[in-house]
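Q: Here's the letter readout for the chains.
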Amino acid sequence: MDSKQQAQNLAETLLATHDEAACSQCLDALEAYVAAQLARQAYRALFPQTARHLDSCVACAESYAVLYEVLQPGAALSAPARIPAPNLSFLASPREGISHSGTAIFVQLAQALREAFALPQPPALAFRDGEQPPLFSVALSGVNAAVERLQVTAYPSDTAEHCLVQLQIELRERAWPDLADLRLQLSWQGGSATASTDSWGSAVFTAVPRDAIASLALTLMID
Amino acid sequence: MKSSDDNLRLYDDCRTGRAEGYEALWPGLYRVAYAMLRELPDRDQAAADCAQLALIKVYQTIASCRTPTAFRAWTMQILRRVVLDELRRPERRRRMAMPAEDSSDLALAPTSVDDLAAVVQQILTAAPLSERSRRVVVGRYFAERSDEDLAASEATLSGEEVRPSHIQVTRSKNLAKLRSDPQIIAQLRELVDP
Numbered sequence: 001m002d003s004k005q006q007a008q009n010l011a012e013t014l015l016a017t018h019d020e021a022a023c024s025q026c027l028d029a030l031e032a033y034v035a036a037q038l039a040r041q042a043y044r045a046l047f048p049q050t051a052r053h054l055d056s057c058v059a060c061a062e063s064y065a066v067l068y069e070v071l072q073p074g075a076a077l078s079a080p081a082r083i084p085a086p087n088l089s090f091l092a093s094p095r096e097g098i099s100h101s102g103t104a105i106f107v108q109l110a111q112a113l114r115e116a117f118a119l120p121q122p123p124a125l126a127f128r129d130g131e132q133p134p135l136f137s138v139a140l141s142g143v144n145a146a147v148e149r150l151q152v153t154a155y156p157s158d159t160a161e162h163c164l165v166q167l168q169i170e171l172r173e174r175a176w177p178d179l180a181d182l183r184l185q186l187s188w189q190g191g192s193a194t195a196s197t198d199s200w201g202s203a204v205f206t207a208v209p210r211d212a213i214a215s216l217a218l219t220l221m222i223d
Numbered sequence: 001m002k003s004s005d006d007n008l009r010l011y012d013d014c015r016t017g018r019a020e021g022y023e024a025l026w027p028g029l030y031r032v033a034y035a036m037l038r039e040l041p042d043r044d045q046a047a048a049d050c051a052q053l054a055l056i057k058v059y060q061t062i063a064s065c066r067t068p069t070a071f072r073a074w075t076m077q078i079l080r081r082v083v084l085d086e087l088r089r090p091e092r093r094r095r096m097a098m099p100a101e102d103s104s105d106l107a108l109a110p111t112s113v114d115d116l117a118a119v120v121q122q123i124l125t126a127a128p129l130s131e132r133s134r135r136v137v138v139g140r141y142f143a144e145r146s147d148e149d150l151a152a153s154e155a156t157l158s159g160e161e162v163r164p165s166h167i168q169v170t171r172s173k174n175l176a177k178l179r180s181d182p183q184i185i186a187q188l189r190e191l192v193d194p
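Just so you know, the sequences run in chain order A and B.
Just so we're aligned: 24 in this note's numbering is position 24 of the first sequence, and the numbers increase by one with no gaps anywhere.
Just so we're aligned: 35 in this note's numbering is position 35 of the second sequence, and the numbers increase by one with no gaps anywhere.
Since the hints were derived computationally from the structure, they do not count as laboratory data.
Each residue gets a CB set at the ideal place from its N, CA and C atoms; glycine is no exception.
Hints are not guaranteed to be accurate.
Stated by the list, open to error - Quick list of the computed label-pair ranges, beta carbon to beta carbon:
no.	chain 1	residue 1	chain 2	residue 2	range
1	B	Gly17	A	Ala42	25 to 31 angstroms
2	B	Ser3	A	Leu71	17 to 23 angstroms
3	B	Pro27	A	Leu71	16 to 22 angstroms
4	B	Glu144	A	Leu71	54 to 60 angstroms
5	B	Ile185	A	Ala193	55 to 61 angstroms
6	A	Pro134	B	Arg15	26 to 32 angstroms
7	B	Glu160	A	Lys4	24 to 30 angstroms
8	A	Asp2	B	Ile185	22 to 28 angstroms
9	B	Pro27	A	Gly142	34 to 40 angstroms
Work out the full structure: start from the sequences and follow the hints.
A: Quick look at the structure:
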């Protein structure tokens, strides 16, 4: 490589622009990059974009160094004095929050909501003007012998303190227009509200306090 | 090295949501998180948080594990990514930021040179970099030496252990220092081929 090309390479590294996408691509490749380096392969040639990005991004270079240290064969890991116990409450199934009494179904949504919030959020979809993306959406399938599917979706409300909760119910043996007038009660710590489904099996609760979302529970009456 | 059978048994336990599987994964995840987070003042809590988050991600994404015979290695990949994300949080980086080698401005004299190679050489000569930093940049870009080779040279010169990863971080930081000078950037923009 001649000196002009070498200078051009350095200049391009200095002029490289930074964006999250480039860092994300670098991090995705970093494990394989370090593995190739430790295996004495031609890692810079195998991962030229990663190599160049590491020269132009201090944060990624530091991430690389941490990974390099821990992936070295025989790396002496400093041992903790004690290892705390893990919290395995995430293993509880949302189904454990469902109970029945006669024709009433009680659904405690806390666990399902915790899982929904813990999942990586998908990219925001394009919404029509004035239509807001949901705060969250949780679907429970095969709720019981009568209820095929129950979907709970919360949308932002006009006020920062409240949200709008929409419930969509699918029954195994009934469909539009026979889904009207199923009675629902949504309750939370310190309050509750009632509503009935329309002929599509949809019901809306307005003005549900946002800070009560974690304690939401639903009672569904099927005649 | 854990056997394939051990991996498969563990994978099956975790896939079916058995607590035993996650309890078996936990100590290894915690130890690696603890080792990676050694620079943090709240290392114990951060290690517990990262290992816990990794455990939940394993639970949520286990269906995407393509090689159950290497299940432990797969969970470690998840953990390492979680820890890197933790270390990259802006508040962490602000706290851990190392002082610059030399905080003075470069203050390059305006040049009439229109040859890119000459300008780059002039920048490297005028920049307030230590000799070691200059060797690390020049060695990579103009002598085309590997970081392993540069690390070996620097270790000989200093009499201390120098790893290739140290070379990489040193070079990135010094290039960032050069990049922070608007005059250098403006000059290079005019000369670099689009």
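Q: Compare the structure with each hint and give your call.
A: Hint check:
1. Look at Gly17 (chain B) against Ala42 (chain A): about 43 angstroms separates their beta carbons, and that is not inside 25 to 31 angstroms.
2. Taking the beta carbon of each, Ser3 (chain B) and Leu71 (chain A) are about 21 angstroms apart, inside 17 to 23 angstroms as hinted.
3. Range check, Pro27 (chain B) to Leu71 (chain A): Cβ separation about 19 angstroms, and the 16 to 22 angstroms hint holds.
4. Distance hint check: the CB atoms of Glu144 (chain B) and Leu71 (chain A) are about 25 angstroms apart, inconsistent with the given range 54 to 60 angstroms.
5. Range check, Ile185 (chain B) to Ala193 (chain A): about 59 angstroms between beta-carbon atoms, so the 55 to 61 angstroms window is met.
6. Checked against the hint of 26 to 32 angstroms, the C-beta distance between Pro134 (chain A) and Arg15 (chain B) comes to roughly 30 angstroms, which is consistent with it.
7. Between Glu160 (chain B) and Lys4 (chain A) the Cβ separation comes to about 36 angstroms, which falls outside the hinted range of 24 to 30 angstroms.
8. Between Asp2 (chain A) and Ile185 (chain B) the CB atoms are about 24 angstroms apart, so this pair conforms to the stated range of 22 to 28 angstroms.
9. Between Pro27 (chain B) and Gly142 (chain A), the C-beta spacing of about 36 angstroms keeps the proposed range 34 to 40 angstroms intact.
In summary, the numbered hints that this structure violates are 1, 4, 7.
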